[in-house]
Amino acid sequence: MSSVSSSRETNEEALILRAKSDPQAFGVIFDMHYKTILSYTLRRVGDAEVAEDLVAETFAKAYRNIPRFQSRGTPILSWLYRIAGNEVKMYFRKPRRQLSLDELREEGFDAPELVNERELLNDLVARDEEFARVMEKVRELPHRQQEAIVLRYIEEKEMGEIALIMRCKESTVRSFLSRGFAKLKTDLEKQQKRESRIIESEGRSALSI
Amino acid sequence: MHDKDIIKILQHARGETDAPLHREALRRAILSKKRGSFAPLQDFITQISMHKYYLSVGTVAAVAAIAAVVALSPISPSTVSAQEQVQRAFARATALTPEMRAEIEEKMKADMLKTLEEAKAAPDLKIMTKEEYEKDAQFTISRGPMGTQGITEARAIHLAHLDAAKKVGVGEGTITFSHSAGTHIEGHEAGESVMFAAKEMVPADLKGSSEVRKVVVGHNVMMGGVHEFSEPVKYLSYTDPEGRKTVLGLDQNDTPVFKFTTLNASDIKRFEFGAAGAPAAASVKIEMQKAE
Chain L
0 MSSVSSSRET
10 NEEALILRAK
20 SDPQAFGVIF
30 DMHYKTILSY
40 TLRRVGDAEV
50 AEDLVAETFA
60 KAYRNIPRFQ
70 SRGTPILSWL
80 YRIAGNEVKM
90 YFRKPRRQLS
100 LDELREEGFD
110 APELVNEREL
120 LNDLVARDEE
130 FARVMEKVRE
140 LPHRQQEAIV
150 LRYIEEKEMG
160 EIALIMRCKE
170 STVRSFLSRG
180 FAKLKTDLEK
190 QQKRESRIIE
200 SEGRSALSI
Chain G
0 MHDKDIIKIL
10 QHARGETDAP
20 LHREALRRAI
30 LSKKRGSFAP
40 LQDFITQISM
50 HKYYLSVGTV
60 AAVAAIAAVV
70 ALSPISPSTV
80 SAQEQVQRAF
90 ARATALTPEM
100 RAEIEEKMKA
110 DMLKTLEEAK
120 AAPDLKIMTK
130 EEYEKDAQFT
140 ISRGPMGTQG
150 ITEARAIHLA
160 HLDAAKKVGV
170 GEGTITFSHS
180 AGTHIEGHEA
190 GESVMFAAKE
200 MVPADLKGSS
210 EVRKVVVGHN
220 VMMGGVHEFS
230 EPVKYLSYTD
240 PEGRKTVLGL
250 DQNDTPVFKF
260 TTLNASDIKR
270 FEFGAAGAPA
280 AASVKIEMQK
290 AE
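For the protein sequence lines, the chains are L and G, in the order given. If you count by numbering that gives the first Met the number 0, then the first sequence holds residues 0 to 208, one letter each, in order. If you count by numbering that gives the first Met the number 0, then the second sequence holds residues 0 to 291, one letter each, in order.
Be aware that a few hints might be false.
Estimated spans, in silico, between C-beta atoms of each pair [to be verified]: (1) Thr128(G) <-> Glu12(L): 48 to 58 Å; (2) Glu15(G) <-> Glu12(L): 17 to 27 Å; (3) Asp17(G) <-> Ala181(L): 33 to 43 Å; (4) Ser80(G) <-> Val27(L): 51 to 61 Å.
Partner residues are not named here, just some residues of chain L that face chain G (Cβ under 7 Å, in silico) [stated by the list, open to error]: (5) Leu37; (6) Phe68; (7) Asn115.
These are computed hints drawn from the structure, not numbers from a lab. On a predicted model such as this, the values are computed, not experimentally measured, just so you know. Idealized CB from N, CA, C, for every residue including glycine.
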């Protein structure tokens, strides 16, 4: 282990220790990782509104549970990824909350600004059509395979870290990746063929007219 | 489709995304709660979720709520109006492209959204008229880029040229120099912002026996070549979380274009001696008092 990474770990451990009792220290962790977790959830769900919800749930749970968090070599970011991954899984499993109008009237944050910000985020997501098309297929994969693919190819995590986040062996991660990727490739090829057939038949219709 | 093509598409989406308003609101919501009391935080999460389901109804409800606040609340209408002004500035700030916002923030030397959050949370937030602002500030805001080299740069100003500095306020042992003095200093073009060092600003009759009483440091992007942004036409004043009086200037489109902060006494010494970390300033107002 290099002295730099060792010192980083020591600093992180000290920060985690402080965050167990000091909200401001948790604020530092929040500031360090908010964007990463937002980006991750946004890619996973493809919708800014849902992603913001899941990020809020993730950090709320982290804040509540950090006093019981024991690092044991798990970086705090991996722990946050794990919570966020569970939130994504739960989101895909259960229907979205239905909320009452009364709650909206309680004091708090204003809607127009947040909506505006979300629209900007959604625009960003929609801009990369190719990515959106691939991610649509990724989301059809079993949850563990989705998670492994996103962590490996988008979040650029090493196998060891993915195993930590997913709480499984590296060999299991490899298996998720290999099976998931094969299925993804097949699904994309099928989609391509389907699209080609549609274009062909539209071309024939146009000619016959 | 090859594996490497799929990987390339996935990799292309790397990079971080930010939602500053959500980030700040969530941070505040989480850190303001005790770990055990999560109902309010849940309310917040619930509430921000609500907006997506009931936006149109929500907008009507928000308007009704504001009307109710104006009608029923002991809070003065000017405070409500200042809050509305902040909301409009928020909307404008978030509508800017990230590049544009970064460009303005670079010139303001302030985080636009953080400043607006500060203003929103300040209990003494109020709208200031231009006249009130000018009377209070007692100097004309200058223009142009300003170096960020700290006090060292200011020391390059020759004392001789300070004779041209315009005194705009004298009385009660206090002399306030106009910031526009900078326009008379050799080596600086008319209208260019100049940083003043308190020690160099001490005129002969006060030299050696004066102390700096007040330093106002601010930054502005007015007339600084930033797109369509013009000079501020609206001013909001508030006390920041560190207890410093702050003025936020908004242009005619409600875009925040400058922020001026009156430093606390504890900051002044640091500024005066130009220690590392001294604030870089685009405009500085200095008041000196003759020692008894």
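These are the hints, each one checked on the structure:
1. Thr128(G) <-> Glu12(L): 48 to 58 Å: The hinted range 48 to 58 Å holds for threonine 128(G) and glutamate 12(L), with Cβ atoms some 53 Å apart.
2. Glu15(G) <-> Glu12(L): 17 to 27 Å: The hinted range 17 to 27 Å holds for glutamate 15(G) and glutamate 12(L), with Cβ atoms some 24 Å apart.
3. Asp17(G) <-> Ala181(L): 33 to 43 Å: 35 Å, holds
4. Ser80(G) <-> Val27(L): 51 to 61 Å: 36 Å, violated
5. Leu37: 6 Å, holds
6. Phe68: Since chain G brings no Cβ nearer than about 12 Å to phenylalanine 68(L), farther than 7 Å, the hint is violated.
7. Asn115: 5 Å, holds
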